[in-house]
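Chemist: Sequence:
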Amino acid sequence: MDQQLPAPHSVDAAQRRAFLAHAGHSAVALGLAALRTGALPGGAMLASAVASSWNNRASAASMLAPTSPHSASPFLTLWDEALGASEIIGGLPFSKQWHGDWFGRSVLPFHSNESVGSGSPASEELLDVAIIGGGLSGLAVAHALEGARIGLFDLRPRLGGNAMGERWRGVPYSLGSAYFMVPDPGTAEEALYLKLGVYQHARVDPPAVTAFEFGGVLSDDPCAGCSNEERARYDAYRAALSYYANKAYPDIPITRESMTLVNELDQTDFRSAVRAAAGGVLPPLVEASLQAYCYSSFGVGWEQLSAAAGWNFVAAEEFGRLVLPGGNAGLADLLWNAIKHREGNKTQGNTAIARIGATVLSVEVIGDYTHIRWRDENGRARVTKARHAVICCPLHVARHILPQLIERDLAKSEAMHAVHTVGYIVANVLLKKASTLKYYDLFTIHDKAFPATGDDCESDRRITDVVDGTFASDAARDADVLTLYWPLPWHTARFTMIGDDDWRAYATLGAEQIERILSITGVAAGDVQQIRLARFGHAMCFAPPGFYSSSAPKLLQRTLCGRIHFAHQDVSALPAWETCLAHALRVVDDIARAVS
Numbered sequence: 003m004d005q006q007l008p009a010p011h012s013v014d015a016a017q018r019r020a021f022l023a024h025a026g027h028s029a030v031a032l033g034l035a036a037l038r039t040g041a042l043p044g045g046a047m048l049a050s051a052v053a054s055s056w057n058n059r060a061s062a063a064s065m066l067a068p069t070s071p072h073s074a075s076p077f078l079t080l081w082d083e084a085l086g087a088s089e090i091i092g093g094l095p096f097s098k099q100w101h102g103d104w105f106g107r108s109v110l111p112f113h114s115n116e117s118v119g120s121g122s123p124a125s126e127e128l129l130d131v132a133i134i135g136g137g138l139s140g141l142a143v144a145h146a147l148e149g150a151r152i153g154l155f156d157l158r159p160r161l162g163g164n165a166m167g168e169r170w171r172g173v174p175y176s177l178g179s180a181y182f183m184v185p186d187p188g189t190a191e192e193a194l195y196l197k198l199g200v201y202q203h204a205r206v207d208p209p210a211v212t213a214f215e216f217g218g219v220l221s222d223d224p225c226a227g228c229s230n231e232e233r234a235r236y237d238a239y240r241a242a243l244s245y246y247a248n249k250a251y252p253d254i255p256i257t258r259e260s261m262t263l264v265n266e267l268d269q270t271d272f273r274s275a276v277r278a279a280a281g282g283v284l285p286p287l288v289e290a291s292l293q294a295y296c297y298s299s300f301g302v303g304w305e306q307l308s309a310a311a312g313w314n315f316v317a318a319e320e321f322g323r324l325v326l327p328g329g330n331a332g333l334a335d336l337l338w339n340a341i342k343h344r345e346g347n348k349t350q351g352n353t354a355i356a357r358i359g360a361t362v363l364s365v366e367v368i369g370d371y372t373h374i375r376w377r378d379e380n381g382r383a384r385v386t387k388a389r390h391a392v393i394c395c396p397l398h399v400a401r402h403i404l405p406q407l408i409e410r411d412l413a414k415s416e417a418m419h420a421v422h423t424v425g426y427i428v429a430n431v432l433l434k435k436a437s438t439l440k441y442y443d444l445f446t447i448h449d450k451a452f453p454a455t456g457d458d459c460e461s462d463r464r465i466t467d468v469v470d471g472t473f474a475s476d477a478a479r480d481a482d483v484l485t486l487y488w489p490l491p492w493h494t495a496r497f498t499m500i501g502d503d504d505w506r507a508y509a510t511l512g513a514e515q516i517e518r519i520l521s522i523t524g525v526a527a528g529d530v531q532q533i534r535l536a537r538f539g540h541a542m543c544f545a546p547p548g549f550y551s552s553s554a555p556k557l558l559q560r561t562l563c564g565r566i567h568f569a570h571q572d573v574s575a576l577p578a579w580e581t582c583l584a585h586a587l588r589v590v591d592d593i594a595r596a597v598s
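Residue numbering for the sequence shown is 3 to 598, as defined by the numbering used here.
Keep in mind that the hints were calculated from the coordinates and are not lab data.
Computed from a prediction, not measured in an experiment: that's the story for all the values here.
Check the hints yourself; a few may be wrong.
Using 30 angstroms as the maximum straight-line C-alpha spacing, the simulated DSSO-like pairs for lysine-lysine come out as follows [stated by the list, open to error]:
no.	residue 1	residue 2
1	K249	K556
2	K342	K387
3	K450	K440
4	K342	K197
5	K434	K98
6	K387	K556
7	K98	K435
8	K197	K249
Quick list of the computed label-pair ranges, beta carbon to beta carbon [what the hints assert, rightly or not]:
no.	residue 1	residue 2	range
9	V283	V219	16 to 26 angstroms
10	A413	G93	36 to 46 angstroms
11	G381	A278	21 to 31 angstroms
12	G381	R595	36 to 46 angstroms
13	E89	V219	45 to 55 angstroms
14	A596	A87	48 to 58 angstroms
15	M261	E89	33 to 43 angstroms
16	A596	A413	17 to 27 angstroms
17	D476	S553	23 to 33 angstroms
18	D222	L85	26 to 36 angstroms
19	A84	D462	47 to 57 angstroms
20	S553	D82	46 to 56 angstroms
21	P187	D502	44 to 54 angstroms
22	D237	D449	18 to 28 angstroms
Each residue gets a CB set at the ideal place from its N, CA and C atoms; glycine is no exception.
Using the sequences and the hints, build the whole thing.
Modeler: Shown next as structure tokens:
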């Protein structure tokens, strides 16, 4: 397995992610622990008190088993019988149900909330921080709050959000997000990866033009056969890409250093910006590849996307990709394993840190505490009190669980409505033999009719790319996985997959595409054990032109009622793990300042 990191890029690029370099999150645990004792000693006295308090709690907690019968692990381990029944559609075996998002019995999921009532009185010890949402953002917050008494609430039966994964015949794969970027030296990202042991498990996909399939032929040169004029435009685009990667990176979340550049780029859409940099329209395969990249990475076309977000993403690709076994589910698993090992998977008594299967009904500040009203996995009404709460769920959900939002911060509420999200499907193809795919990621352009705009996708629903699901873990003798990404870049797309049986319509639409993709990776239909479709109703947030130069980013970061904080990729409308981590560390710093 290739675990060698590429050489560091230029010193100028080292300014990237400066937002993450803040110190201070370690102070949170100290301050919160001191608050629990009713005193705030200083220096070594404080550190000693916290260490003693924590060691006593940890040793007691380690003897207690989780109360939930389910594992909170982001990975679900499957054997052949556990895959469930398949239905043959278009000659291929599809799992007879959706995976990924579970909508319960709601006709319009996450668009309303039940009456919260009073719930039962708080029956557990006071939490320091309640974390609402157990995806990568929530896990990042929980990991940074070392020493604090936390509760991690998630609606699903396991953690990870759209970075959940499965493991079949020993092969891990992701139900959603696939990779993250090689960080700059000296950043908080690099420090976290060293602490988690990421580099011991990850494989680097080095910077390169992502390969594509066109007419059944694979290539990594989208300008092959270009005229001299077309080649000059392509070279001009590549020069602009190098400039943003190495000289002037448009960092998001916005930093003081990147603010002017991000605001400038935000005035136009990404397609217009690319064509302006190139001096005109690019060759068809170059534009199709960029469009496929935006569909896959943002869920929308480049004509809908702020140029700031577009350049942020494609420039970061120049640093190389870090790929873990199981994709970003591997990262979620590393975070959770560190948390549960540190915390003993307990807060106190017999209440697990990870409250999986938990439906949070409301989060509000009453007096000096936040009150979290929720239902556990058995439907029982519960109330938990915490000094602070961190909202780590999508903002379209958050709007419905914050009864004080409109009254206390109408501008923030309106900013939440300005965050656009789209639906997404991921198809994992479980194979009984190894594929011959030689690329980590391959765009499936296929023909000249590739949808030119997001609206075109409603009538031509294309799978945009295929990822080697075992790139970082190697295929087993009798098991391999191909992960196919299927964005749905039109506004009403999520309503096409709400029904429990809607998977069948997408299986019918996708079967011919999947069979074609299998043929170019050396796999026959008979080699497929099962195809599992995962749906995500609001998986991808995106920023249209004008978003970053508006007041929305600052409003979305603003704390509500002094005790409710927000850490999620939606806060910057940029769907990336790095966004999650940046906001997690910002919030932990905010809590540190509040308790000090």
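Chemist: Could you run down the list of hints and mark each one as holding or not?
Modeler: Each hint tested on the structure:
{"no.": "1", "hint": "K249 to K556", "in the structure": "holds (26 angstroms)"}
{"no.": "2", "hint": "K342 to K387", "in the structure": "holds (21 angstroms)"}
{"no.": "3", "hint": "K450 to K440", "in the structure": "holds (24 angstroms)"}
{"no.": "4", "hint": "K342 to K197", "in the structure": "holds (15 angstroms)"}
{"no.": "5", "hint": "K434 to K98", "in the structure": "holds (19 angstroms)"}
{"no.": "6", "hint": "K387 to K556", "in the structure": "holds (27 angstroms)"}
{"no.": "7", "hint": "K98 to K435", "in the structure": "holds (22 angstroms)"}
{"no.": "8", "hint": "K197 to K249", "in the structure": "holds (29 angstroms)"}
{"no.": "9", "hint": "V283 to V219: 16 to 26 angstroms", "in the structure": "holds (23 angstroms)"}
{"no.": "10", "hint": "A413 to G93: 36 to 46 angstroms", "in the structure": "violated (54 angstroms)"}
{"no.": "11", "hint": "G381 to A278: 21 to 31 angstroms", "in the structure": "violated (56 angstroms)"}
{"no.": "12", "hint": "G381 to R595: 36 to 46 angstroms", "in the structure": "holds (38 angstroms)"}
{"no.": "13", "hint": "E89 to V219: 45 to 55 angstroms", "in the structure": "violated (32 angstroms)"}
{"no.": "14", "hint": "A596 to A87: 48 to 58 angstroms", "in the structure": "holds (52 angstroms)"}
{"no.": "15", "hint": "M261 to E89: 33 to 43 angstroms", "in the structure": "violated (52 angstroms)"}
{"no.": "16", "hint": "A596 to A413: 17 to 27 angstroms", "in the structure": "holds (21 angstroms)"}
{"no.": "17", "hint": "D476 to S553: 23 to 33 angstroms", "in the structure": "violated (49 angstroms)"}
{"no.": "18", "hint": "D222 to L85: 26 to 36 angstroms", "in the structure": "holds (34 angstroms)"}
{"no.": "19", "hint": "A84 to D462: 47 to 57 angstroms", "in the structure": "violated (35 angstroms)"}
{"no.": "20", "hint": "S553 to D82: 46 to 56 angstroms", "in the structure": "holds (54 angstroms)"}
{"no.": "21", "hint": "P187 to D502: 44 to 54 angstroms", "in the structure": "holds (48 angstroms)"}
{"no.": "22", "hint": "D237 to D449: 18 to 28 angstroms", "in the structure": "holds (26 angstroms)"}
Consistency with the previously given hints fails for numbers 10, 11, 13, 15, 17 and 19, ordered from lowest to highest.
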